[in-house]
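Student: Below, each chain spelled out in residue letters.
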Amino acid sequence: MTVLMLVVALLGQSPAETLSSQAVEAIQRGDSAQAGELWRQALEKDSRHFASLFNLGMMLHRGGNFAAAVEYLDRAAAAEPGYQVQVLRGSNFQKLERLEDAIRAWRAALALQPRNVKLMQVLSVEYSRGRYFQEAAAVAQRALLAAPQESNLYFMAIKAYQDAGDQDAAAGLASQAAVRFPESARAQFEHGYYLQKRGKTQESLRYLRRAMELDPKYEEPSFFYGDLMVKASKWKEGVEALRQSLAIRPEYSPARVSLARGLYGLGEVVAAIAELEMAAKLDPKNAQPWVLLSQYYFRQGDEERAQIAKETSLRLRRENPTVLEASQARPFPAK
Amino acid sequence: MSRLGWFGIGVCFALTTLGLGQGVATRNSPAAPRQAPSGKPFGAKFEDVGKVAGLNLPVTVGNPLSKKYIIEANGTGLAAIDYDLDGWMDLFVVNGSRLEGFGAGAAPTNHLYRNNGKGGFVDVTKATGVAHSGWGNGVCSGDVDNDGDDDLYVTYWGSNLLLVNSGKGAFSEEAARRGVAGTGKQWSSGCTFLDYNRDGRLDLFVTRYQEFDLAKTPPPGKASNCEWKGMPVFCGPRGLPFGSASLYRQEADGKFVDVTEASGVGAVQGFYAFTPIAADLNGDGWTDIYFASDSTPSVLLRNEKNGKFRDIATETGVAFNEHGFEQGGMGVGVGDYNRDGLLDLVKTNFAGDHPNLYRNTGGGIFEDAVLMAGLGVNPHFVGWGVAFVDLDNDGWQDIFQVNGHVYPELDAVGKAGEAYRQPRVVYRNLGDGRFEDVSGLAGLGVAAKHSSRGAAFADFDNDGDIDVAVMNMGEAPTLLKNGLAAGSRWVKVVLEGTRSNRSAIGALVTVETGDLKQTLPVLGQSSFLSQSERRLHFGLGGAAKVDRVLVRWPSGEKETFGGGVAGSTLVLKEGAGRP
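Protein chains in written order, with our numbering: chain A, 1 to 335; chain B, 1001 to 1579.
A portion of the hints provided could be inaccurate.
Derived SDA-like pairs: lysine to any residue, alpha-carbon spacing no greater than 25 Å straight-line [said to hold, decoys possible]:
1. K200(A) <-> E1322(B)
2. K1229(B) <-> R198(A)
3. K1222(B) <-> K231(A)
4. K231(A) <-> K1492(B)
5. K231(A) <-> V1571(B)
6. K234(A) <-> G1307(B)
7. K200(A) <-> S1224(B)
8. K1229(B) <-> Q141(A)
9. K285(A) <-> E1322(B)
10. K1229(B) <-> E100(A)
11. K95(A) <-> S1224(B)
12. K200(A) <-> D1432(B)
13. K1308(B) <-> G301(A)
14. K1222(B) <-> R98(A)
15. K1255(B) <-> G1307(B)
16. K231(A) <-> P1033(B)
17. K285(A) <-> Q1269(B)
18. K1308(B) <-> I308(A)
19. K234(A) <-> R1034(B)
20. K1308(B) <-> Q141(A)
21. K1492(B) <-> V1571(B)
22. K234(A) <-> T1361(B)
23. K1305(B) <-> F1350(B)
24. K231(A) <-> K1229(B)
25. K1222(B) <-> K234(A)
26. K234(A) <-> L1430(B)
27. K1305(B) <-> I308(A)
If you are wondering where the hints come from, they were derived from the structure by calculation, not from laboratory data. Since the structure is predicted, the reported quantities are computational estimates derived from the model, not experimental observations.
Construct the entire structure; sequences and hints are all you get.
Tutor: Rendered as structure tokens:
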């Protein structure tokens, strides 16, 4: 009975579809070579056969043969310009580091599914990678409007606006997120972060402290809290918070640099220098520990080491011009 | 099974392989919050009297509507000098040029305006022999030949000028003859006279912004460093060849020897240099050099007392901001804003950043106190000329800063919050380490919007308060008359070196009034590529007199002089005081 039904079904299929179905069976058996051959045969029968083009492209993509996949995926998109083929094309272009082509493909996919929040997230991230910050912010805002209940979309939009240089918009969203998600450490932190950026130190401290309470394993609030304390010459409180931050993320260089400032303020010069040396070791591309080391060696009267540290900082600055541009160098939560 | 058996897998794969990490955050310093107003009255009101006074000739610096190359953007300086020794500060204005050039005889020249002592200026450019054309940039003055009058040095994209004052109302150009003209192809920006080796003769320090070759510079929008917030603009400075600096030592015959390499100055590289200042920043009695650099670390050349210099800007905290970021440094002011007897620095920077208030903590170690001091409130301005200057004669040095963006195109595209023409800002010193923005109280001349660059500070009308001459791109200079009401108290101090250079550039003067001390240096160039008057002006607040004046001469000698009553000018000659 089953064999009969299959024969009947096969009798209703085109030759290309029959071959394609056999290819799917082959891939399910784990025989990708056979599957590939069958899809190619299908395409000889019908060069615009979508399923064969798409699946062959997918197989090449999954096999890491991204350049070869382009042709089949482009042809698939030309045959049937649907959502899924555009998403896959975007992913494939991304692997080939053809960011603009990837963005175009994903944008086409989004036009087909205009409320697809996941895709908006992808697009926002990739716009940012391409330094299309305004576009990243716009699509992040769109995602947020589509799903305002998702805190992660707030955080993405905040970051996008920050990258776009629109601090007011970023701060506004952070403020909204803090109200909407009172139990979210990240939301409380983001609001505190923008408050401190605007010099509203006392207000900021409240939110940073709340974030520290909500999630003691979250390193950013501790860093910014400690950093504000150090800037206010409250050395002990600063050092304590910064040590807490570094216990979570030891390679967090700005926190260690700030800790060194705090220790220097407490008169613990040797400890301050040791922290800077550790920061330089853990974050070898960052010039900032070397800048401060140069200053502390100089104040100790060791001009020779100060000069070496300065030259190291200048070399690192030349070699890694973007590292220092990460103002206040937020690592953003790893989780 | 679907004919597209992998669809679900494929889409999931496509989405999960994308990292969600984003790009690097850009620095875009927001305005720091303003403190509650102190409520104190601010008596200094500035009014632009430039046109009435006769300063009518515009300064040309490239195309006024669109800048194709960076050479068109940086503007020029001016100098307040008393060239004819009549007791009234005259004004020298550096002029630029344009890329397409001018017809024969039509090129703009520098201008020297003689102060007639009646509120007016007379153009004496031709009569005094200073009608030079070319792409001028900065100016500094000093008594190069120690004959008692001010000479001028003018920097160019091209050969520089040394205009030697005959003392009889005319200048002669002697740069090539004396060895300080440069190669003729360099883009010199700043200059300052100084006596770095204490031989009593003025030496010369010259900065160059960059090695600029029109043929090798990409046009707007054609390289990665040729955009500003998505708008194609002129390229640079990043991506273009760095500038350099030169030190010339004056010999007994009045000629200069290039000691750039021998002095160690040539070893310092990797900067786009603007305004240099020469002052004893670490209090060791020898004149050091600091210069603001654009988009690169600023440089502090410590005088090693043996004819050599060493850059210690990073070590001492004046190369970067407090976070170690390079800044778009433009102008520099030197003073003692907190009256601790140590020289502090204020440096202006590009937009999206704060200026620097480098507080000297002793021994030439500095901390950037800009935010604590309340100076982070106007990061949207591109700052240029700047000075510590007691504008209201209350005995505390305030800060005056002129501004202007570099892209005239901003006005056309209307980017929010950014404009080519920007107002000036005035920060009143509150006397407790903080400043407050009192621009709104300081008169229409401060509120007026121009794209300004150089600023020279002087008491042009000799009424006891400091006025400001400002260079404006494509416009005539502004002369901001300070309308501080009569009755405020002040003294002026004029130094005459004997063992030291006669101009006393590099000297440090401390005026004591009761328990209060105020300190100012005698400077060559400062502000932005400009020369302010070298008569030192001290507001006295309520004090009726100065008790005594301490002078540390550039020769290293220290002397104490008797004081004087408010409203007087004290002329102090080296050797005439008490050791």
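Student: Enumerate the violated hints, using their earlier numbering and listing them in ascending order.
Tutor: As far as the earlier hints go, 3, 4, 5, 6, 7, 20, 23, 24 and 25 are violated by this structure, in ascending order.
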